[in-house]
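Enquirer: Below, each chain spelled out in residue letters.
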Amino acid sequence: MSESSPGRMQRLLYSSIGAKFVMGVTGVILVGFVLVHMLGNLQVYISSDTFNSYAQLLKGTLPLLWGTRITLLVAVALHIWAAVRLTRVNWAARPQRYARPQRYARTSYAALFMRGSGVVVLAFIIFHLLHFTIGVVQPENFGLHEVLRGDVWVRETSEQVVNALPAHHVRHDAYSMFVLGFQNWIVSASYIVANLLLARHLSHGVASMLATLGYSKGRNRVTAERLSAAIAGLILVGNLSFPIAVLAGVLHL
Amino acid sequence: MSTHSASTMKLTLRIWRQKDRKSPGALQTYKLDAVSPDMSFLEMLDVLNDQLTRAGDDPISFDHDCREGICGSCAMMINGRAHGPRKATTVCQLHMRSFKDGDEVTIEPWRAEPFPVIKDLSVSRSSFDRIIAAGGFVSINTGSTVDANATLIGKRDADEAMDYASCIGCGACVAACPNAAAMLFTGAKVAHLVKLPQGEVERTGRVLNMVAQMDKEGFGSCTNHGECSEACPKEIPFDAIVLLNREYMRASVLGKQ
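Top to bottom, those sequences are chains X and E.
In terms of my numbering, the first sequence has 224 at position 224, counting the first letter as 1, and numbering is strictly consecutive.
To get my numbering, take the position in the second sequence, counting from 1, and add 1000.
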């Protein structure tokens, strides 16, 4: 072994396959989060109290909240870094394109459109955070609260009442924020479009990450592709149900 | 002149002409009559070149050697497909019966930065040779012949190794890949030795060095489209790429040279 040989990590990160591993591992983290996020939000169908208790639990458990936030932020950053790096390598690998475009035999629009769907999903994530996490998009819906009256939580619109109560007697009214948010047609339409593209991204992304991480050999390749379609479909149906349920009046205040 | 028999075809050929590595190229149109459906694609080009030579024009440069589907020389993109429309077929084994009378056929060289055009349809695939060279040697005992059954290899491993070893290095995988990646080629070269005890000694260093050379040559990286194994005339399975990923991960963790 020569002394000048680069370290393992350095060699791995500078290699194309290393960047693919980064893409795959961060992909697992991100798709895992999206799935759990969707499943958690399904509690909106149980009752407003269940949903708000869930929101209270998430926001109240600080190590979980910030651990998740930091992990996701790092995962998104690395996912984008790997995408930019591999895209540059791939574009440089074919500076002169075919005069007559290639006729593909197997690949999908989803696979060929990963960069486009990724950029739209990124823009949507920023919008989504501004909407429901930071409260910039619809600030009037973000400041809603529930207060504890005896054993039950009730909606309270008076800021003076809310401010006068001790902190453990007040909680965010995430349910009202959710319903009022999706009653806006433009907001709902943007969620629907973004989730259609997210599903496209995942329908190739999940299968692709399983191949990169070494799973998809032999018959596993078919399993990986089915799993990919199933996860993308599940997330799509779950996430699209929210704006549609609000617009259809199934979920209301 | 006599009329052509009903079975011959007239074709319009659009062929990439490029004087040398530095000059820009362009598609040029040629009309060819009396193409027999029994000709191979290369024989059709031979007929065209014969006509061009007789007319005092520069014949089209294209690579060919064995004309029996095992040398991997006859690299060309035909109507947007590596080696033409038929699965598991090199250009020399492609026959004109795969085309119809009146067809327009576009023929281009492989397009990839590590496959520079030498002239017309001929590209240099020396980058593949350098990837193989980076893999190094295999340590085996020489001298007296080893007993046939001294080292037992399972049937499944032997078959799989043989499948990967059938790669002829033609470059169709790179040509067909949307990213011009060489992962199927490099994967096949790594994988056929991974499956055999003879490849075990240099296993870790081999994959690290071959991938490093693959990256250095300027090939793209795989985004799992699967076009490579569809285009491969030897039908090397996509598994070669999955195995390459596994081997690279393993080698990176073990970290030996």
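If you're looking for bench data, these hints aren't it; they were derived computationally from the structure.
Keep in mind that a hint or two might mislead.
Reference excerpt, derived from the structure (chain X facing chain E, CB under 10 Å, subset only) [said to hold, decoys possible]:
hint: 1; residue: S15
hint: 2; residue: F21
hint: 3; residue: M23
hint: 4; residue: F33
hint: 5; residue: V84
hint: 6; residue: V89
hint: 7; residue: R94
hint: 8; residue: L112
hint: 9; residue: G116
hint: 10; residue: R149
hint: 11; residue: S188
hint: 12; residue: A189
hint: 13; residue: L210
hint: 14; residue: K217
hint: 15; residue: G249
Simulated crosslink set (BS3-like; lysine-lysine; CA at most 25 Å straight-line) [stated by the list, open to error]:
hint: 16; chain 1: E; residue 1: K1022; chain 2: E; residue 2: K1119
hint: 17; chain 1: E; residue 1: K1087; chain 2: X; residue 2: K217
hint: 18; chain 1: E; residue 1: K1234; chain 2: X; residue 2: K217
hint: 19; chain 1: E; residue 1: K1022; chain 2: E; residue 2: K1155
hint: 20; chain 1: E; residue 1: K1100; chain 2: E; residue 2: K1019
hint: 21; chain 1: X; residue 1: K217; chain 2: E; residue 2: K1031
hint: 22; chain 1: E; residue 1: K1155; chain 2: E; residue 2: K1010
hint: 23; chain 1: E; residue 1: K1031; chain 2: E; residue 2: K1100
hint: 24; chain 1: E; residue 1: K1031; chain 2: E; residue 2: K1155
All of these numbers come straight from a predicted model, not from anything done at the bench.
Don't be surprised by glycine CBs; every beta carbon is placed ideally from N, CA and C.
Enquirer: Is K1031(E) within 25 Å of K1155(E), Cα to Cα?
Expert: Cα-Cα ~52 Å, so violated.
Enquirer: Using the nearest Cβ pair, does A189(X) come within less than 10 Å of chain E?
Expert: violated, 30 Å
Enquirer: Starting from K1022(E), check that the Cα of K1155(E) is at most 25 Å away, please.
Expert: Violated. K1022(E) to K1155(E) sits at ~50 Å, over the 25 Å cutoff.
Enquirer: Should the interface hint for V89(X) be scored as holding, given a Cβ-Cβ cut-off of 10 Å against chain E?
Expert: This interface hint holds because 6 Å falls under the 10 Å limit.
Enquirer: Tell me if the straight-line CA distance from K217(X) to K1031(E) falls inside 25 Å.
Expert: violated, 46 Å
Enquirer: Would the stated hint for R94(X) survive a check requiring a Cβ distance to chain E of less than 10 Å?
Expert: Cβ of R94(X) sits 4 Å from chain E, so the hint holds.
Enquirer: Report holds or violated for the interface hint on G116(X), using the least CB-CB distance to chain E and a cut-off of 10 Å.
Expert: violated, 13 Å
Enquirer: Taking the least C-beta to C-beta distance, is L112(X) closer than 10 Å to chain E?
Expert: holds, 7 Å
Enquirer: For K1087(E) and K217(X), compute the direct alpha-carbon distance and say whether it is at most 25 Å.
Expert: holds, 21 Å
Enquirer: So if I understand the rule, the pair passes when the alpha-carbon distance is 25 Å or less; does K1234(E) with K217(X) pass?
Expert: holds, 18 Å
Enquirer: Could you grab the alpha-carbon distance between K1155(E) and K1010(E) and see if it respects the 25 Å cut-off?
Expert: violated, 50 Å
Enquirer: Answer holds if the nearest beta-carbon of chain E is closer than 10 Å to that of L210(X); otherwise answer violated.
Expert: holds, 9 Å
Hints 4, 5, 9, 10, 11, 12, 15, 19, 20, 21, 22, 24 from the list above are not met by this structure, while the remaining hints are.
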